[in-house]
Amino acid sequence: MLESRVNVNLTPEEIAEAKRRLGREPNEIELGMIDVMWSEHCSYKSSKKVLEILPKSGRRVVVGPGYDSGVVDIGDGDVIAFKVESHNHPSAIDPYNGSATGVGGIIRDILCMNCRPIALLDSLRFGNPQSAHARWLFNNVVKGIADYGNRTGIPTVAGEVEFDESFEVNCLVNVACVGLGRINELTLARMDNPGDIVVLMGGDTGRDGIHGVTFASKTIREDSELERPAVQVGNPFIKKLVIEATLEAMRTGKVTAVKDLGGGGLTCALSEMSSKGGTGVDVELTNIHVREEGMTPYELLLSESQERMIFTILPESQDEVLRVFRKWEVPYSIIGKVTDTGRIVAKYRGRIVVDIPSKLLTEPPMAKRRARKISIITKKRASKPPIPMDFAKVMHHILSSPNIADMHPVYRQYDHEVGLRTILKPGDADAAVLRIIGKNKAIAVKIDCNSLHCYLDPYAGHAAAVAEAARNVTATGAKPIAVTDCCNFGNPEKPEVYWQFKEAIRGITYMLKGLGLPCVGGNVSFYNEDEESGRAVKPTTTIVMLGLIERLSLVTSMALKEVGESIILLGKTYPELGGSEYYRLIGFDGGKVPKAVASRERASIKTLAEAIRRGYVTAAHDCSKGGLAVSLAEMAIKGGLGLKVDLAYVLHTPSMRIDEILFSESSARFIVTTSEVNTAKILSLARRRGVPASKIGEVSASSYTVAMNGKILFECSVESLRESWQDAIPRLIGG
Amino acid sequence: MIIENKKLARDPEGETIAKELIERRGISTIKSVRSGKYLRFLVEAGKEEEALRLVEKIANELRIFNPVVHICNIRIMGESR
Amino acid sequence: MIIENKKLARDPEGETIAKELIERRGISTIKSVRSGKYLRFLVEAGKEEEALRLVEKIANELRIFNPVVHICNIRIMGESR
Amino acid sequence: MKTAVIQFPGSNCDLDILHVLKNVLHVEAELVWHRDFKDSEFGAAILPGGFSYGDYLRAGIIAAHSPAIEHIKEMVSEGKLVIGICNGFQILVESELLPGALLMNQSTCFICKWVKVRVETDETPFTRHIKRRTVLNMPIAHAEGRYVNDPEGLKELHENDQVIFRYVNPRGEVSEDSNPNGSMDSIAGICNPERNVLGLMPHPERASEPVLSPFSDSDGLKLLSILKS
Ligand SMILES: Nc1ncnc2c1ncn2[C@@H]1O[C@H](COP(=O)(O)OP(=O)(O)O)[C@@H](O)[C@H]1O
Ligand SMILES: [Mg+2]
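Residue numbers (the numbering used here), protein chains in the order written: chain A, 1 to 735; chain B, 1001 to 1081; chain C, 2001 to 2081; chain D, 3001 to 3229.
Chain A with its partners taken away, still in its complex shape:
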């Protein structure tokens, strides 16, 4: 009955440690469980120590890292749960099913807190769109997210897409979910009460989700590997029923805890829940509703089949809860009871097959990793590229760069309206804005990272990612309140990769502390590298920022609104073109990566927030990727209006060139528009906070005009800029 020989990834030291703690030789099932729980994916053995430096507390933090998702208080008894997760490896081999099940996984993390999922965000990275493989990944990942998200009735409201050759083989697929709940109805996934009944609900358990270890182990069965898919196929229809049935079951008041079955399957859920509650659990594996005959205990404990949840229910009250499951026609099985033994005891046909302390599984030994600084990533070239002759041409060129161009081919495939909350929709602003129905308030959310900056300088790049995400929500009228993050790196056993990771977390910590923001959760994905070439992805920690908009009247979009209004640039421009879209475009390798300075960010953010609060601001936009020139163009295109700016008024360091002023990606900047009368008021708000600010031009009818000291440098029609920007992705990717 047992597997012939379990092939584990544990080191000899880890196996010895497991034996010592167990006080005997683990049997093969137990060894499989330890193997999964002590894997990098479940144990965070390489990252936990490093992550400890992140700030985690704050007055709004209700649940910090350590549970399925972080939870933040937004007042009036309302809470927001949010979490992000990567699904990189499955998406790289099966982009459609891989990304779809990524969406499925993150939704469950929100449900665990008894919050209703109200939004999804996706952050995607692929190789150069010239590559057919990258296009195949792109098209199928987007379709996978669309098909799953749309069918579960959760709007996908924001995201980002980057193209860079380092993601050619290992694409990055990070999906975040945002949930809304009530503070007094939250549940934590922990087994606190011995005697509670344990119920497994949702999709059938099958062999389809048994990965890694079992794949590697030569389990002898008549079905050949050819018939076994390497990734799972999700069923969003079942997921929708699981969502509704879970939320309705919670309303009975008889459910004490819920947890999703994700990586590590039942083993992970049972051990984490009991370990957190200091309890144990007894289960009978034969009770599990299965999809395939003859599943072994090993398979039942480790299957990662999709769309499953574990419930603990007050004894004698199960009928009330099970009735809800029956109404929604979701299968379930009563599999056991919470105990006070501190152990997981699993029976198969009445015979004990596993008896192991929960904490042995959830408190794995940490791995020791070495870090080595990568000294020179780019040759710091002293020279500069020649100044372009035709700036209008550069404008069209940069707007049609796949990293800048309009992503409507992506977000049009997502239902971003379902739920009746989405006030600012994809494309309207730097962040999505969702109202809280029945209240005069809203939240803003965005996910962000600039992987090229993070590669060139992991510390500065990641600090800037936090700052940019914060600016993004601020520009919509929100106050940034909390963050969750998703780390995507190569092999942490390589000292250079580990160094990148440590630098990233240091940079994030620096900016979070500077902005007074807590990190309430996250996810780490390592080993994103090509086994053949050994090439790792650019280090990329995506930052999900949550902002709170205190009144709906504060909601601000980026579209230019009215001819004649003033255009103000908040923040100073530095010659920081290292890793800029402009240099990438002209193929120039060099320059300084933008530096993110927390005090400057804070001052700019506070200034804009106050200007919005006072009702001065008619449009606002963060100024980053592509620089001033691109941000202005986006505002013009969105508003269907033109503008005229004079670069002489842009505050910058001495002797900057025109292309540097236009395309530098310096941090801590916003572009805002305002009426003539309020112009001085905004400038004086900025002055008071020490933010360099100036009026750089005005909104006009239809032409995008850039001058220097009154002399026109170049001019394009906004309509033509729109075409370059909108048509680029369909042209590159194919309709």
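No lab work stands behind these hints, which were simulated from the structure alone. Treat the hints with caution; some may be incorrect.
[As the list claims (entries may be wrong)] Partial pick of chain A residues on the chain D-facing surface, computed with a CB cut under 8 Å: (1) 21; (2) 240; (3) 329; (4) 333; (5) 435.
C-beta atoms are modelled at their ideal positions from N, C-alpha and C, and glycine is treated no differently.
Given the coordinates of chain A, assemble chains B, C and D with the ligands onto it according to the supplied hints.
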């Protein structure tokens, strides 16, 4: 060309049809339903073998199916005219 | 069972694949592509004829295809075991 | 008059339409699980948008076999009003309460965007308050919304004045590039010959509060307000 999920992969569509449409009607003689995609190519070729090889090539190059999850079956249906 | 769109209903998926093949890759030996849905039923029946009739009946009664826009073809594939 | 909002497994605009009916229009409305639906207490019914049964096989087809549809048919025969929005429209078509078919969009993709639809007739209980040729802003969000019928069916629709909404451009004209999904004759919504069943692909409930509309209007209410009487 018929593209199906691998035998041991789930097939949410087939499962749902079987359960919600067929079982619910009390039809018990249908034991299972699997769903797939069907593509019919009209190919100009001298020999059947040639047509088959061309379509196979296209299926792979265009990635009409993904060998990680799908099985793909290509057959000649006949000649036109 | 193969369900295809009638001519009047067009076939966006087939058209897209054909366009991709012919226009983008210049493969001119592929004259057309039609797409459809494929369903495989495992039927318990004494005779093939019986299975066929059962599936036909279901297809009509349960409207597994929409006669306004679809054509539906049912064939026996073989026996299991 | 009380309106039933019928909830099928996989419906996802059920709570949205309920919110608009109850909190915006202040009409009596109730969410009813499809298996529990009995027609007698209700004066009207709405089949909401979403993905009933995951849209497997064909959007709307599996829900069309729900016992709820028998009750809907009774309501229809009694002359009560029935509205199907998006997936609800697909269910009505698959139940043969409305003619034709809704097939995969010409683009082969799901499309979510705001469109303009023109009211083609005011001689229905649904549009009698709206002037003919009025252009309404509403969003669509569907993968299978391309309306198709055979030539005779199409002719009949036009002759009986059953086409209620068509996709148009900002100038109010039917045009190739304002047809988001490839529908025949740019059809976005139709009614039955008896004129008491309406199916439409755009979502009026998403266009019922100015805060959600890019145009700060609430055109969807113009349609839904008929449930007030
Ligand atoms: N990069 C990170 N920053 C902060 N917290 C993290 C990070 N990565 C993981 N965590 C926290 O560690 C815990 C375990 O993460 P994970 O295994 O991804 O959660 P789950 O079990 O829900 O999949 C979570 O509470 C998560 O928030
Ligand atoms: Mg989890």
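Going down the list of hints, with the structure as the test:
{"no.": "1", "hint": "21", "verdict": "45 Å, violated"}
{"no.": "2", "hint": "240", "verdict": "5 Å, holds"}
{"no.": "3", "hint": "329", "verdict": "7 Å, holds"}
{"no.": "4", "hint": "333", "verdict": "20 Å, violated"}
{"no.": "5", "hint": "435", "verdict": "7 Å, holds"}
This entry does not satisfy hints 1 and 4, going by the numbered hints stated previously.
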